[in-house]
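Asker: The lines below spell out each chain.
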Amino acid sequence: MVEALIGDEAFIKGCAAIGAGLAVGLTGIGAGFAESGIGAAAVGAIAEDRGFLGIGLLFTVIPETIVIFGLVISFILMFAFG
Amino acid sequence: MFSSTKAAYAYIVARTKVMKSKLLKAEDFRKLLNMDFDEIMRFLEETEYKKEIDEIAYKYTGPKLLDYALFTNLAKTYRKIYSVSFGNPKILIGQYLRRWDVWNLINILRGKNANLPNEVVEDTLVPAGELSSEYLKSLLTKDINEIIKEFEGTIYHEALSKLGSTSLSFIEDQLWKSYYKALISIKAEDIETKVFLNFVKMEIDLRNVKTLLRLKAEGDTAEDIIARIVPGGYELTEDESRKLATTSFDEMLRALEGFWFWKVSSVDDLARTEIEFDRIWIEAIAKRASNYPLSILPVLQYIILKKVEVDDLRILGWGKWHKLPNEELEKQMVII
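Protein sequences appear in the order of chains A and B. Quick note: the first sequence uses this note's numbering, first residue 1, plus one each step. Quick note: the second sequence uses this note's numbering, first residue 83, plus one each step.
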């Protein structure tokens with residue numbers, strides 16, 4: 001029914017845009033969940049000893065890599081179909 | 083919800099892990115054993131105890147200074163853990179630290195019983211529980227009946243109301259019983275609380291086995307022993323303890339084999355056996371804390387290790403002051 005209303009190309013573009021949005025959005029939520037625990041632990045350790053600032057920051061941003069993957073997927077989708 | 087609970091544990095566990103790394107190591111204690119009292123004090127002035135030693139050095143000297151600094155630091159550390167935690171861990175830590183209310187109450191009662199001056203009792207208080215330092219000091223100025231009245235409506239009133247009609251050591255056991263009863267009555271709604279309750283129950287096991295061994299060796303009657311048993315043990319349940327209380331000492335020793343805590347080498351010297359139990363306890367919590375890293379256990383492990391450190395330093399300080407041989411001190415200390 002949807003295909004009847006819009007053309008094939010527009011349909012694929014739309015799906016690619018939704019996919020790109022999901023890739024960034026879901027990885028962002030995932031990273032947020034992961035970072036809540038790591039960030040809390042890092043702040044706890046830094047509060048006791050400032051020497052943990054570097055390592056704490058490093059561990060906190062590690063889940064961010066998943067967002068980069070999501071971003072890459074979204075770019076691929078947008079460049080391929082956008 | 084999931085993440086906020088986990089975050090609350092992650093925060094306090096990370097904080098206490100860093101605090102734990104600052105505790106004195108076994109090799110520090112071995113070094114301290116070869117020092118005299120003044121050298122020990124100088125060593126401690128370069129550790130976490132510096133502030134407390136400097137604060138009170140004008141008033142006290144010798145082991146009294148050490149005692150005061152250690153107790154003040156202990157209370158400050160525990161209060162800090164409670165104040166920086168939040169959510170479910172804060173509730174559990176607060177409940178567990180109420181043991182210091184019992185400790186302080188017992189010290190006040192002992193002081194009153196022995197007619198000790200208030201200043202002497204005041205120095206032994208560790209205001210790490212619910213009752214503030216000011217409130218505890220106000221209790222010191224009251225007589226026994228006023229203290230009983232003061233605790234009306236609390237979990238301690240039932241035990242305190244027996245003051246005068248029975249021995250103080252019995253009242254002390256009843257106070258500890260009230261404390262543990264209140265702890266195990268906490269509803270285990272999540273895994274973290276269940277882990278906490280199991281920890282408390284294991285602690286009850288150790289308390290009960292120590293009571294059983296001590297009172298059996300002293301030849302107390304089964305009724306006396308049963309009256310002092312704390313209900314709600316982990317493996318050593320109330321029924322089990324009751325059964326053991328009615329058997330002979332040797333039969334009891336045989337029956338205790340197989341319990342999680344029964345790894346002691348001998349029971350010839352009960353004071354040493356109790357220290358062995360403390361070591362077994364420390365090992366058991368360390369194992370459980372590593373099995374449940376995001377729970378209250380690493381925090382409780384630190385709470386216990388800090389107390390053991392303070393106790394060991396007191397033994398060391400007083401022992402060195404009275405020129406006791408190192409071998410004797412080593413036997414008394416838990417961390418060696």
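Please keep in mind that the hints were generated in silico from the structure rather than gathered at the bench. Just to be clear, a hint being listed does not mean it is correct.
[Stated by the list, open to error] Straight-line Cα separation of at most 16 Å, EDC-like style, residue types lysine to aspartate or glutamate; simulated pairs:
| no. | chain 1 | residue 1 | chain 2 | residue 2 |
| --- | --- | --- | --- | --- |
| 1 | B | Lys104 | A | Glu35 |
| 2 | B | Lys102 | A | Asp49 |
| 3 | B | Lys88 | A | Glu35 |
| 4 | B | Lys104 | A | Asp49 |
| 5 | B | Lys162 | A | Asp49 |
| 6 | B | Lys292 | B | Glu212 |
Asker: Please work out if Lys104 of chain B and Asp49 of chain A have their alpha carbons no farther apart than 16 Å.
Answerer: Satisfied, since the Cα-Cα distance of roughly 10 Å is no more than 16 Å.
Asker: Is the straight-line distance between the alpha-carbon of Lys162 of chain B and that of Asp49 of chain A 16 Å or less?
Answerer: holds, 15 Å
Asker: Would you check the hint for Lys102 of chain B and Asp49 of chain A, treating anything up to 16 Å between C-alpha atoms as holding?
Answerer: holds, 12 Å
Asker: Regarding the pair Lys292 of chain B and Glu212 of chain B, is the alpha-carbon distance no greater than 16 Å?
Answerer: violated, 27 Å
Asker: Does the alpha-carbon distance linking Lys88 of chain B and Glu35 of chain A stay inside the 16 Å limit?
Answerer: holds, 11 Å
Asker: Is the straight-line distance between the alpha-carbon of Lys104 of chain B and that of Glu35 of chain A 16 Å or less?
Answerer: Violated. Lys104 of chain B to Glu35 of chain A sits at ~27 Å, over the 16 Å cutoff.
This entry does not satisfy hints 1 and 6, going by the numbered hints stated previously.
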